[in-house]
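**Student:** The primary structure of each chain is shown beneath.
Protein chains: 2
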Amino acid sequence: MKRKDEVIEALEALGAKILQEIERGENPSLEVPIRSLSNVRYNPETRMLELGSERAKRYFFNVAHVRKFVQTVEAAALSKELKEVGKHLSLREAFYRMKRTLPGSDINLVDEQEESNQAIEDLELITNLSREKLHFNANKMGSVAGKVVIEDKGDVVDWSKLGSGGWSIPSNVEEIVFKEVKARFVLYMEKAAEWERLHEDRVWERLNCVIMCSQGQATRGVRRLLQRLHLEHGLPIYVLTDFDPWGFYIYSVLKFGSIGLAHISEQLAIPGAKFLGLTADDVERYDLKKHFIKFEEVDLRRLEQIAKYEWFKDNKEWQRQFKLMKQMGAKVELAALSSKGITFISEHYLPEKLRKQEFLD
Amino acid sequence: MKRKDEVIEALEALGAKILQEIERGENPSLEVPIRSLSNVRYNPETRMLELGSERAKRYFFNVAHVRKFVQTVEAAALSKELKEVGKHLSLREAFYRMKRTLPGSDINLVDEQEESNQAIEDLELITNLSREKLHFNANKMGSVAGKVVIEDKGDVVDWSKLGSGGWSIPSNVEEIVFKEVKARFVLYMEKAAEWERLHEDRVWERLNCVIMCSQGQATRGVRRLLQRLHLEHGLPIYVLTDFDPWGFYIYSVLKFGSIGLAHISEQLAIPGAKFLGLTADDVERYDLKKHFIKFEEVDLRRLEQIAKYEWFKDNKEWQRQFKLMKQMGAKVELAALSSKGITFISEHYLPEKLRKQEFLD
Numbered sequence: 002m003k004r005k006d007e008v009i010e011a012l013e014a015l016g017a018k019i020l021q022e023i024e025r026g027e028n029p030s031l032e033v034p035i036r037s038l039s040n041v042r043y044n045p046e047t048r049m050l051e052l053g054s055e056r057a058k059r060y061f062f063n064v065a066h067v068r069k070f071v072q073t074v075e076a077a078a079l080s081k082e083l084k085e086v087g088k089h090l091s092l093r094e095a096f097y098r099m100k101r102t103l104p105g106s107d108i109n110l111v112d113e114q115e116e117s118n119q120a121i122e123d124l125e126l127i128t129n130l131s132r133e134k135l136h137f138n139a140n141k142m143g144s145v146a147g148k149v150v151i152e153d154k155g156d157v158v159d160w161s162k163l164g165s166g167g168w169s170i171p172s173n174v175e176e177i178v179f180k181e182v183k184a185r186f187v188l189y190m191e192k193a194a195e196w197e198r199l200h201e202d203r204v205w206e207r208l209n210c211v212i213m214c215s216q217g218q219a220t221r222g223v224r225r226l227l228q229r230l231h232l233e234h235g236l237p238i239y240v241l242t243d244f245d246p247w248g249f250y251i252y253s254v255l256k257f258g259s260i261g262l263a264h265i266s267e268q269l270a271i272p273g274a275k276f277l278g279l280t281a282d283d284v285e286r287y288d289l290k291k292h293f294i295k296f297e298e299v300d301l302r303r304l305e306q307i308a309k310y311e312w313f314k315d316n317k318e319w320q321r322q323f324k325l326m327k328q329m330g331a332k333v334e335l336a337a338l339s340s341k342g343i344t345f346i347s348e349h350y351l352p353e354k355l356r357k358q359e360f361l362d
Numbered sequence: 002m003k004r005k006d007e008v009i010e011a012l013e014a015l016g017a018k019i020l021q022e023i024e025r026g027e028n029p030s031l032e033v034p035i036r037s038l039s040n041v042r043y044n045p046e047t048r049m050l051e052l053g054s055e056r057a058k059r060y061f062f063n064v065a066h067v068r069k070f071v072q073t074v075e076a077a078a079l080s081k082e083l084k085e086v087g088k089h090l091s092l093r094e095a096f097y098r099m100k101r102t103l104p105g106s107d108i109n110l111v112d113e114q115e116e117s118n119q120a121i122e123d124l125e126l127i128t129n130l131s132r133e134k135l136h137f138n139a140n141k142m143g144s145v146a147g148k149v150v151i152e153d154k155g156d157v158v159d160w161s162k163l164g165s166g167g168w169s170i171p172s173n174v175e176e177i178v179f180k181e182v183k184a185r186f187v188l189y190m191e192k193a194a195e196w197e198r199l200h201e202d203r204v205w206e207r208l209n210c211v212i213m214c215s216q217g218q219a220t221r222g223v224r225r226l227l228q229r230l231h232l233e234h235g236l237p238i239y240v241l242t243d244f245d246p247w248g249f250y251i252y253s254v255l256k257f258g259s260i261g262l263a264h265i266s267e268q269l270a271i272p273g274a275k276f277l278g279l280t281a282d283d284v285e286r287y288d289l290k291k292h293f294i295k296f297e298e299v300d301l302r303r304l305e306q307i308a309k310y311e312w313f314k315d316n317k318e319w320q321r322q323f324k325l326m327k328q329m330g331a332k333v334e335l336a337a338l339s340s341k342g343i344t345f346i347s348e349h350y351l352p353e354k355l356r357k358q359e360f361l362d
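Chains as they are written, first to last, in the working numbering: chain A, 2 to 362; chain B, 2 to 362.
For reference, chain A alone in the conformation it holds in the complex (with noise of 0.2 Å):
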């Protein structure tokens, strides 16, 4: 109940405050912290990009400010609404219960969806609070298996007792609690048919872990719930990926955030999160160059921007990972350990590098 009220006391802040000023004859405003590149940093103390401290008003009675200033104020107006109910849209379905006409006239409150997700995304700012707790769902992909149960809507759910499907990631885990928790770490991976392999192989029982994936770039649902394993349960959060520049993109978003979210990282992002390959290393000790896939322009391109970031630039184990693969001039994926023997990543692979902690940090 607690988590109720901290969203409602935010919107009804809000709301108190603007009709302070309405009621004192002032004219109306909201603060919100800006979003662009230049008001982003990485912060090493906490090891995440975050916003700075750029703030802009926006007025009511400003012909250039009045209509983000309205578009937030709805997206206040039905979050409010959706908590009361118990409810959750979907930001398209946000977009379209925000497109009404004004009455008296032609004009809608939103034409683009761009309109509300950023009247949402402002809303999630003034509020500090993420999207998901105020009821504005994101995409929902992803699957679990392990030793943990939760509750979840009136649902006692056992991840490891899922047969070969696994538990279906929602897009908001706000709301789950953890009853149980007996794994020892999560194994993170960015590709569902990775996610089978270890799961027939039964890794997660093995190993005593959770494996969860989703597919390319982690969605909000999944970077959520292995923060919170991360917080909650102290799980270690391990990345397998394969040995490309896109591979690390995944693992750096996860770890640090990204630019496009830099105002929500806390509630994303994982600084303790580690590496657990493929590497350079790796395709040495398995003999993988024979599966090379040599790089175009593009891979060459992003990695030389990866081994830039502030947060790679002094860190000297990616450094050498980052040259080594540059001189391979090629990407290796972890699939390609499939051709030492089936089951050959469950059994020797992840066992090898887990024992002897090979992580990058």
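Don't take each hint at face value.
Copies of the same chain look alike in the list, so a pair counts if it fits in one copy or across any two.
Stated by the list, open to error - Within a straight-line C-alpha distance of at most 27 Å, the following computed BS3-like cross-link-like pairs (lysine-lysine) qualify:
hint	residue 1	residue 2
1	K154	K180
2	K162	K314
3	K180	K357
4	K148	K162
5	K58	K309
6	K88	K290
7	K357	K324
8	K341	K290
9	K341	K88
10	K314	K100
11	K256	K180
12	K291	K81
13	K341	K81
14	K183	K154
15	K69	K291
16	K341	K84
17	K88	K314
18	K58	K327
19	K324	K256
20	K341	K183
Just so you know, these hints were derived from the structure itself, not from any lab.
Please read these numbers as outputs of a predicted model, since none were measured by experiment.
Fit chain B to the known structure of chain A by using the hints.
**Tutor:** Quick look at chain B alone, frame taken from chain A:
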């Protein structure tokens, strides 16, 4: 156990035939149905896209044939190994597993995944068994909830007791056993966000059904799961997509099959599936013109293609929809129903359409 025998039998028969030819001093050969467009036809009796009777013979002692011949035999050997050890591989993993260098040469058995994929498809055609039964998995995607209890890998999973996430649908659903099917029909939708709407509103409980989604085009696992519920338990399958040519295409593939997978229609297509919406009539009735998304050139072209499909061209109801859409020159999303109310789709739209039995066939 019967299912296991079916696969091993087919693979052993294939091996025995080749061995026999070798012992007799004949040129070993494989007979494979041709998968080109010219050999695909629509069968109005079964209402499915099917492969015609054209076949090609491939010989071992033929420089133009030998590579494909050996690849197909390798796929068969790998399938048998997988079956015997009770494991599955994704197509990508299978590619790496088959990409071995022939002893005493620098020739790889396969160089590109396209080659191993085709070898596996050939094996499907030769054995008349789906890739999934041969232990090769496609993509994993999609969620399900509702009044069904299954047994899978020794776990009993109740699809109605999985919190907000639902069951994550595996890539391979061949070995799932339906223990209890109380649901009276299945609602299939293309978007996960729509699924979350219906799940939060507990539509499957109110209407006593199953709700299932993939994302975009349905995966093979999802299609096969729908088909099994339809054929083995007589559940009607109702398809819910946006009012747009791509939504209609998703329905068309689910129901009649697709050209690329015509050889496996029997194991994927669901001729009994029905379209539940969104229709042009819904757009009128629920006053959704305000939410028109104007056609691009590419939408119009797709619509015109679909309108000419053999299975739609004499269907008056569908032709009427195509004509109305063309007149509107616009698409409308299911999510636009949110403009009528947060739970409008769950509490009004669906119950009304189902009560009136407003299906398109």
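**Student:** Evaluate each hint against the coordinates.
**Tutor:** Okay, the hints, checked on the actual structure:
When the C-alpha separation of K154 and K180 is checked against a cutoff of 27 Å, the pair qualifies both within a copy, at 13 Å, and between copies, at 24 Å. For a Cα distance limit of 27 Å, the shortest separation of K162 from K314 qualifies neither inside one copy, at 43 Å, nor across copies, at 48 Å. When the C-alpha separation of K180 and K357 is checked against a cutoff of 27 Å, the pair qualifies neither within a copy, at 31 Å, nor between copies, at 44 Å. Within a single copy, K148 and K162 get their C-alpha atoms as close as 9 Å, and across copies as close as 18 Å, so both meet the 27 Å cut-off.
Proximity of K58 and K309 under a CA criterion of 27 Å is satisfied in neither setting, with 34 Å inside one chain copy and 56 Å between copies. Proximity of K88 and K290 under a CA criterion of 27 Å is satisfied inter-copy only: 26 Å between copies versus 52 Å inside one chain copy. When the C-alpha separation of K357 and K324 is checked against a cutoff of 27 Å, the pair qualifies only within one copy, where the shortest distance is 23 Å, while the shortest distance between copies is 66 Å. With identical chains, the CA atoms of K341 and K290 are at most 27 Å apart within one copy only, with a shortest distance of 13 Å there and 58 Å across copies.
Taking the shortest Cα distances, K341 and K88 sit within 27 Å of each other only across copies (15 Å), while inside one copy they are farther apart (49 Å). Proximity of K314 to K100 under the C-alpha cut-off of 27 Å is found in neither arrangement, the shortest distances being 45 Å within a copy and 37 Å between copies. For a Cα distance limit of 27 Å, the shortest separation of K256 from K180 inside one copy, 26 Å, qualifies, whereas the shortest one across copies, 42 Å, does not. In this assembly of identical chains, the alpha carbons of K291 and K81 lie at most 27 Å apart only when taken from different copies (26 Å versus 57 Å within one copy).
Proximity of K341 to K81 under the C-alpha cut-off of 27 Å is restricted to the inter-copy arrangement: shortest distance 18 Å between copies versus 55 Å within a copy. For the identical chains of this complex, K183 and K154 are neighbours both inside a copy (22 Å) and across copies (21 Å), given an alpha-carbon limit of 27 Å. For the homomeric pair K69 and K291, the shortest alpha-carbon distance between copies (22 Å) is at most 27 Å, but the shortest distance inside one copy (55 Å) is not. In this assembly of identical chains, the alpha carbons of K341 and K84 lie at most 27 Å apart only when taken from different copies (18 Å versus 52 Å within one copy).
With identical chains, the CA atoms of K88 and K314 are never at most 27 Å apart, being 44 Å at best within one copy and 42 Å at best between copies. Neither within a single protomer nor between protomers do K58 and K327 lie at most 27 Å apart by alpha-carbon distance, with minima of 46 Å and 46 Å respectively. For a Cα distance limit of 27 Å, the shortest separation of K324 from K256 inside one copy, 21 Å, qualifies, whereas the shortest one across copies, 51 Å, does not. For the homomeric pair K341 and K183, neither the shortest alpha-carbon distance inside one copy (31 Å) nor that between copies (45 Å) is at most 27 Å.
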